[in-house]
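In order, the protein sequence lines correspond to chains D and E. Start counting the first sequence at 1; every next residue gets the next number (the numbering used here). Start counting the second sequence at 1001; every next residue gets the next number (the numbering used here).
Treat the hints with caution; some may be incorrect.
[Unchecked claim] Each pair of labels, with its calculated beta carbon distance range:
no., chain 1, residue 1, chain 2, residue 2, range
1, D, G192, E, L1138, 35 to 45 Å
2, D, S127, E, A1311, 47 to 57 Å
3, D, L295, E, A1375, 54 to 64 Å
Everything labelled a hint here was simulated from the structure, so no lab data went into it. Positions of the beta carbon are idealized from the N, C-alpha and C atoms, including for glycine.
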Amino acid sequence: MYRLWIWVPLGMSLVGCDGKNAESPRIPAPELRVATYDTLAAPGGWLQALAQEFEKSCGCSLKLLPSGDAGQMTARAELEASSRGPSAHVFVGFDQNLWPRLRHLMDAELPKLAGEGDLVPGLRIESGFVPFDYGPLTLMADTVALERLKLAPPRKLSDLLKPEYRKKFVLQDPRTSSPGLVLALHTWTTAGGDAGFSKLWRGLAASWLALPSGWDEAYGLFLDGRAPLVWSYVTSQAYHAAQGDSSGRYRALELEDGHPVQVEGAARLAGLTGVERERAGEFLEFLISRRAQELLPTLNWMLPAREGLKLPPAFEGLPKLATRPPATLDPSHILSRWTSAVRKAGSGRDR
Amino acid sequence: MIGTSRQDGRYAGAVGDESLWRLGALLLVGVSAYWIFAVGVPLLSLARGVGRVGAGLEPFYQRVVMAAISPEVAGVAAFTAWQAAWSVAISAALGLPLGIWVGAKMAASAPGSRLALALLAAPFGVPSVVAGVGWLALGLPFGVGAVVAAHVAFNAPWIAHWVARARATVPARQIEAVRTLGAGWAGVLRFVVIPAVRRPALVAALQSFSFCVMSFALVTLLGGGPPVETLETALVASVRSAGLDLAAASACALWQGVLGLAPWFAALLLEREPAAATASVEPPLQAPRSTAWLAAGGAALFLVPVAATLARLPRVAGWLTLDGPERAELLSAAGVSVALAGASAATALAVAGAAVAGSALCESRAPFWARAVSAACAVPAGLSALVLGLGFWFAYSGLVNPFEGSFWAIVTVQAATLLPIAHRALHGMKGGFPRARYEILRTLGASAGKAWRLAEGPRWRPAVLVLAGMLAALALGELAAVTLFYSERLVPLSLLVARWAARHRVEDARAAAALLGLLCVALAAVPALRRARS
Chain D
1 MYRLWIWVPL GMSLVGCDGK NAESPRIPAP ELRVATYDTL AAPGGWLQAL
51 AQEFEKSCGC SLKLLPSGDA GQMTARAELE ASSRGPSAHV FVGFDQNLWP
101 RLRHLMDAEL PKLAGEGDLV PGLRIESGFV PFDYGPLTLM ADTVALERLK
151 LAPPRKLSDL LKPEYRKKFV LQDPRTSSPG LVLALHTWTT AGGDAGFSKL
201 WRGLAASWLA LPSGWDEAYG LFLDGRAPLV WSYVTSQAYH AAQGDSSGRY
251 RALELEDGHP VQVEGAARLA GLTGVERERA GEFLEFLISR RAQELLPTLN
301 WMLPAREGLK LPPAFEGLPK LATRPPATLD PSHILSRWTS AVRKAGSGRD
351 R
Chain E
1001 MIGTSRQDGR YAGAVGDESL WRLGALLLVG VSAYWIFAVG VPLLSLARGV
1051 GRVGAGLEPF YQRVVMAAIS PEVAGVAAFT AWQAAWSVAI SAALGLPLGI
1101 WVGAKMAASA PGSRLALALL AAPFGVPSVV AGVGWLALGL PFGVGAVVAA
1151 HVAFNAPWIA HWVARARATV PARQIEAVRT LGAGWAGVLR FVVIPAVRRP
1201 ALVAALQSFS FCVMSFALVT LLGGGPPVET LETALVASVR SAGLDLAAAS
1251 ACALWQGVLG LAPWFAALLL EREPAAATAS VEPPLQAPRS TAWLAAGGAA
1301 LFLVPVAATL ARLPRVAGWL TLDGPERAEL LSAAGVSVAL AGASAATALA
1351 VAGAAVAGSA LCESRAPFWA RAVSAACAVP AGLSALVLGL GFWFAYSGLV
1401 NPFEGSFWAI VTVQAATLLP IAHRALHGMK GGFPRARYEI LRTLGASAGK
1451 AWRLAEGPRW RPAVLVLAGM LAALALGELA AVTLFYSERL VPLSLLVARW
1501 AARHRVEDAR AAAALLGLLC VALAAVPALR RARS
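Chain D with its partners taken away, still in its complex shape (with noise of 0.2 Å):
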């Protein structure tokens, strides 16, 4: 008795960890299985929206796994690789500086999608992914809160180091949060080399009021009042528009050291066969589809990859910024220079 106690999990647990190919996914042929991250697969979620429509057209069944956050999912696919085999077919959301992660799992090689053509220039930036949103991040302004504190809105991020900005401004955790990253990843490119990022970012662990795990905090403090400006979306403008803000009290900033973009894509994981593969190849090709492009705003409060759509009016009022090209830089580094450019600003850890 006692031995079967101790046996039965360990033996279950070895055919868990051992038995397995990490390259071949263990997938039941008839379902196409797509991973993704939670709010495009729950309910009223952009994916969950279209997957009806899907089915019916490749008269397929279709299977959504929502799989936390971004980073999660691509954690997951990772863990999943190296013990199970990849779960899915087609991992959908993940964005340029998560790809390379993913990059070794996914098929390099498709073939060309329709609609491929009308693809916002720049946005394809390897083989193997597949754009279907971006979004150009900026500040966030709470204009009345701005005007009762006398501020000017920022013109550039460095502005934020000014004293009058200090406990003014919530950005995010460049480790954890994938708009965080974006800024990070920017301010490298626009700070001129090392010392420059690690004086700009010592500055700014000095003079913001948090720095978020996610953006869905960060965002939650600055409508609260806690903060007049949030690093965000563009699009945050056109959510508020078509909430009813007429007044246009919640504006994104242009700032003079221009933008950065963070496109979202979706890929076939490698190694797929026959009906799947090709299922896999039609479900990326309905992702940029019109149908599915034109859905896309108001479901995931992005902007499509596909040129030439009419937008919702609410995302007629949006500043055209200027924006720099999305890069594919490794993150690993500039985050080892960040976390010791703001450990060493906060000393006194009571900021």
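Knowing the structure of chain D, use the given hints to seat chain E on it.
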């Protein structure tokens, strides 16, 4: 003494009943099997699994050691210990006098004293995310001061609770005797009260240190981000988004294990000789002259942040009266949450109860096994739910597909993380075995198992009821295991809060957090109040 006899006390072989020893051995086998399944195998699989991911030139263990002694991780470990030490010091300074005060009122059966005790237990059952949202609503400035303040609001009542219970058992005659010898209140405190409460206070303080080491939500919400960073937030940063640095994550987990487990083992050593009769409250020598409503008010102060979160409840009430999508989502999530919390609490209680009873019954014949099981029950205290869940995922991914969602995977991981608390809370039950009652029942012809159950039942039931509510409340706010094993059909409230917040629905998310807070307070406080009334 009332309620106990000279023969009562620890089992320690005094019972001398072969059937009881067999029953104890069976219980310990069950606990050992659970531990191997839920903790041992996942940890082993995790160690093997992470070694295979992102393999570099050096062996994995070498990378972990290098990361652990690197200035970055060692600095975070030092800061974690520093903030935990401050939190505990301030908590003890507040909790000790408050606990003695409430305990004295309880000893005098003052009206309101049981309510005060229940209120001291309530904050512990509130998920840290709910309290954190409340602190934010109160406008606490970000920084390490806010983190320490929030920890104190959890730990001071926790210390006070245990001190009050210990103080309440101090015999009134003993105090009268010391007074008769000419001692003033300071003398009573020094010679009677402090010796009686010292050990429970120290044990609660050591546990509080461990909770602060594992703290995540409060540090994330109130610290304001780096440089205010603890091992748990650094661990999460290592495995999320920007990079999957498993060596750094393992180094953080290693430090957490050391800092989080040491206090629990110290507490276990302190408890190796439990008090002989913890349940012997004497009737007061005279009728109560004062009430404890002021003490209850003092205890209620620790619930102010929770009240700030609950202020959003009217929005929830609005949803529930309308037949909108929020109502369906909210009701479904609340149902899932309660089911998960109930199953997790029941599992943790069953395992902890079996461990305590089994080790008590086997202490004389298999002392090493009994102590090993007690020590094993403390091990999850040094492990974050994320680490344990990831290990479970590695170990049983052949059986559990995380994308399909698994109710029992969530329950197993949550129950394992609750096990140290449940075990600690029930540990005191080892003492005070009603041997006389047991022997009478045996003489009357009851089997050993039945006699044991009938003799012990009345003693265990109230403690188990209160503990069940507290554990269920703790499980209700847990998110790490949930994010690993949920599916669209298995979305609890804690996940719904995070999901709504991520979709710009900040106000909705806070209202859902208020509902979560309400459920937690109800689960933690209602059994405690029922017990107080009885």
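Against the structure, the hints:
1. Evaluation of the 35 to 45 Å hint for G192(D) and L1138(E) yields a pass: the beta carbon distance comes to about 42 Å.
2. At about 53 Å, the CB distance of S127(D) to A1311(E) agrees with the hint of 47 to 57 Å.
3. L295(D) and A1375(E) have their C-beta atoms about 57 Å apart, which keeps the hinted 54 to 64 Å range intact.
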